[in-house]
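Trainee: Given the coordinates of chain A, work out where chain B should sit on it, guided by the hints.
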Amino acid sequence: DAGVIQSPRHEVTEMGQEVTLRCKPISGHDYLFWYRQTMMRGLELLIYFNNNVPIDDSGMPEDRFSAKMPNASFSTLKIQPSEPRDSAVYFCASSFQIWSPLHFGNGTRLTVT
Amino acid sequence: TQLLEQSPQFLSIQEGENLTVYCNSSSVFSSLQWYRQEPGEGPVLLVTVVTGGEVKKLKRLTFQFGDARKDSSLHITAAQPGDTGLYLCAGGGNQFYFGTGTSLTVIP
Chain A
1 DAGVIQSPRH EVTEMGQEVT LRCKPISGHD YLFWYRQTMM RGLELLIYFN NNVPIDDSGM
61 PEDRFSAKMP NASFSTLKIQ PSEPRDSAVY FCASSFQIWS PLHFGNGTRL TVT
Chain B
1001 TQLLEQSPQF LSIQEGENLT VYCNSSSVFS SLQWYRQEPG EGPVLLVTVV TGGEVKKLKR
1061 LTFQFGDARK DSSLHITAAQ PGDTGLYLCA GGGNQFYFGT GTSLTVIP
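Protein sequences appear in the order of chains A and B.
Start counting the first sequence at 1; every next residue gets the next number (our numbering).
Start counting the second sequence at 1001; every next residue gets the next number (our numbering).
So that you can see chain A by itself, here it is in the shape it has in the complex:
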């Protein structure tokens, strides 16, 4: 099992540009989570899906953020337009059940200049 795969590992973009982060969860995991990590705020849950359906998006900062899960093996987190305050490491995680251990990808480090 390759684990949770995220791409790209690093993304540097200019303010105002669209950014798309990608995630492939572990096969058979029904839950997928998007987290954002910063020094100031730690690890924050943005949104999570169950069987490809968004369940809780209350952590999504604002309308500039959107997430989709078109099928069980792929999810995207999009930021449009991006702002410097969006700079952070974005993690995708998947789990078998809602309280099962989370398996994290290695994250995407986003820098918005």
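Keep in mind that the hints were calculated from the coordinates and are not lab data.
Built from N, CA and C at the ideal position, the CB exists for glycine as well.
One thing to keep in mind: the hints can contain errors.
Said to hold, decoys possible - Residues from chain A that keep clear of chain B, each with C-beta distances beyond 12 Å, as calculated:
| # | residue |
| --- | --- |
| 1 | VAL12 |
| 2 | GLU18 |
| 3 | LYS78 |
| 4 | ARG85 |
As the list claims (entries may be wrong) - Simulated DEER-style distance windows between Cβ atoms:
| # | chain 1 | residue 1 | chain 2 | residue 2 | range |
| --- | --- | --- | --- | --- | --- |
| 5 | B | ASN1018 | A | GLY16 | 48 to 54 Å |
| 6 | A | PRO54 | B | GLU1005 | 28 to 34 Å |
| 7 | A | VAL12 | B | SER1012 | 27 to 33 Å |
| 8 | A | PRO54 | B | ALA1068 | 49 to 55 Å |
| 9 | B | SER1012 | A | ARG9 | 26 to 32 Å |
| 10 | A | GLU83 | B | GLY1053 | 22 to 28 Å |
To be verified - Here are a few chain A residues that sit away from chain B, every Cβ distance over 10 Å (derived from the structure):
| # | residue |
| --- | --- |
| 11 | THR13 |
| 12 | GLU14 |
| 13 | SER27 |
| 14 | PRO70 |
| 15 | SER73 |
| 16 | HIS103 |
| 17 | ASN106 |
Mentor: For chain B alone, coordinates are given in the frame of chain A:
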């Protein structure tokens, strides 16, 4: 609002020393997990505790869940440089809420 507060926030110790990290909340959790995160990687699960008062040992690491299921501690005996990393607790409810983290550095 942080539901889970960890202390200390930073800890730097010499190899061979013992240490304890705390995770506290005013909320009751059905389960609590501890993760360790190394630079450039995602958090990796160390242990899950589900019963109030439960104690679990993982080699030199001892985890305890408070009787009221509101707090937990992680004790490391004879710390080694390989223990260096960010330790995160996460409380289970409708989702997992992560603590503020403790950054541990073990100096050889």
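Trainee: Against the earlier hints, flag every one the structure doesn't satisfy and list their numbers going up.
Mentor: 8, 10, 16 and 17
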